[in-house]
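Chains as they are written, first to last, in our numbering: chain B, 1 to 288; chain V, 1 to 266.
Watch out, some of these pointers could steer you wrong.
What the hints assert, rightly or not - Okay, derived cross-link-like pairs now, BS3-like style, lysine-lysine, Cα gap no bigger than 27 Å in a straight line:
#1 B:K207 to B:K95
#2 B:K55 to V:K215
#3 V:K5 to B:K188
#4 B:K9 to V:K5
#5 B:K205 to V:K215
#6 B:K207 to V:K215
#7 B:K188 to B:K205
#8 V:K255 to B:K52
#9 V:K215 to B:K249
Claimed, not checked - A few chain B residues facing chain V, derived, Cβ under 7 Å:
#10 V6
#11 N24
#12 V26
#13 T31
#14 V33
#15 V37
#16 L111
#17 M120
#18 I129
#19 S264
#20 L266
#21 F268
#22 L269
#23 M270
#24 L273
To be verified - Across the chosen pairs, the derived CB separations fall in these ranges:
#25 V:M17 to B:D190: 22 to 30 Å
#26 V:V8 to B:V26: 41 to 49 Å
#27 B:G140 to V:T30: 29 to 37 Å
Hints were generated in silico from the structure; no laboratory data involved. All C-beta atoms, glycine included, are put in the ideal place defined by N, C-alpha and C.
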Amino acid sequence: MITKTVNQKAWFLVLPVLLIVALNAVIPLMTVVNYSVQDTFSPGVFFFEGTKWYKEVLSSPRFHGALGRQFLYTAIILAIEIPLGVLVALAMPRKGPWVSACLVLMALPLLIPWNVVGAMWNIFALPDIGLLGYGLNWLGFDYNYTQQPVSAWMTVILMDVWHWTSLVVLLAYAGLSSIPDAYYQAAKIDGASAFAVFRYIQLPKMKRVLIIALLLRFMDSFMVYTEPFVLTGGGPGNSTTFLSIDLVKAAIGEFNLGIAAAMSILYFLMTLLVCWVFYTAMMRGEES
Amino acid sequence: MRGAKIAVVFVYILFLMLPIYWLLNMSFKTTNEILGGFSWYPQEFTLESYKTIFTDSTWYNGYLNSLSYVLMNTVISVSLALPAAYAFSRYRFLGDKHLFFWLLSNRMAPPAVFVLPFVELYSALNLFDTPLAVALAHCLFNVPLAVWILEGFMSGVPREVDETAYIDGYSFPRFFIKIFMPLIAAGIGVTAFFCFMFSWVEMLLAKNLTSVAAKPIVAVMTRTASTAGYELGLLAAAGALTLIPGVVVIWFVRKHIAKGFALGRV
């Protein structure tokens, strides 16, 4: 651990970063706050509306629907991706020529532009010519993601698992590879079972990276937009319209500035709150 | 036990590769064959879709536009983040912890929240529809990320290195460029990789901050999908080509990637 000296001049080193992030974060955020409390009938003419938009958003069934779907989606993908990622990381060879190749192949989905992920799954899941859609129908399942909400949900979730589980695998693998061989040898001498090794050696060592994985997957799945939008367009009906999709629809599609801005603020505050809870828990975990 | 482990890894990688295989499979088929029905591999192998992309300027300019803002963003993010990360790793100053959390909170901001204000902001700056606008907008999440990763790597370098250099009469800029940066070269590589990656995969901001002149490939693809009917072969070929930059950069950092992730700072 490095001891740091107090030096107020360090501010000058941070200044460029501060300026660029402020340009991108503070000014737009102020714009959003501004819109969220005003109304307009013609360009350039605004008047103060107070909390009208917030009340409207908070009482609208549409927002409740999007919010509910968002939490359900995030809960499902976290429940699948975290255990699956840990399982695959545990199964990875610890050393050897295959490790690099496995890591590169696994990281591949992370590097594909998000709309291409959507387009790829679109093609993959088509009921008549896609491998997944054709295969499921051939097996006797009635599957069509453009018509049935259940199929659409299944596809959206499978796509997210495909896209992001590798992130959990890589993080968990990095945590596992920091365990010295001596630990495993000691466990072997004591005759510990595979489960005991996992419970008392591997899991504690992975705790930190797993919290980070959970945090990242929560954040990114809560903001998800591009992949489900390209795949289903939020449909059929509104069945896969998550928060971001609903927000962009309101802001750009319907140009409903006040509503969109109030939604944005609520959305941002929710993300921030949950992340703050995670962050504090993580820091506390590190100290102890 | 060992067999079961190999099976898990094998099945997982197979699951990852199937959609990619299907994309490649479609990209080598003729439109007639695609519409004709299901087939495991192209019956009449064709490079027609790829030929269209490489000869039509809307398509190949899309790739060039995307690459130009991604590279600009990587350079801007890394070079601004270097001094800031140094400050966070070496000094304590007024409000440093709050500043750090505030920076990170921008990584958590949903881009959808910022789309509309960004369009207004960059129009006001006369940058709308330029690669620079997208490059600067992506700094919102890439600069905090770069600071976070670099700070981790820098904290691994002992303070004595700095002190010895100052005693030897190095000025701060000279020390930083000549001695410190080579020491964290791997860290800079990993950081550049993540900046490249997040800028390359982002679509919402890139699409909405451009209209004609700087249209990125991701926007060309969505617009083609909606206007030109459903040209699946072309769409698949365009998608397949977007995999290449990712494969290239990941190959360069494959030795360091586990370490970059190990810092847990993505």
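Worksheet item: Which of the numbered hints are not met once you compare them with the structure shown?
Response: Hints 2, 4, 5, 6, 8, 12, 14, 15, 20, 22, 23, 24, 25 not satisfied by this model.
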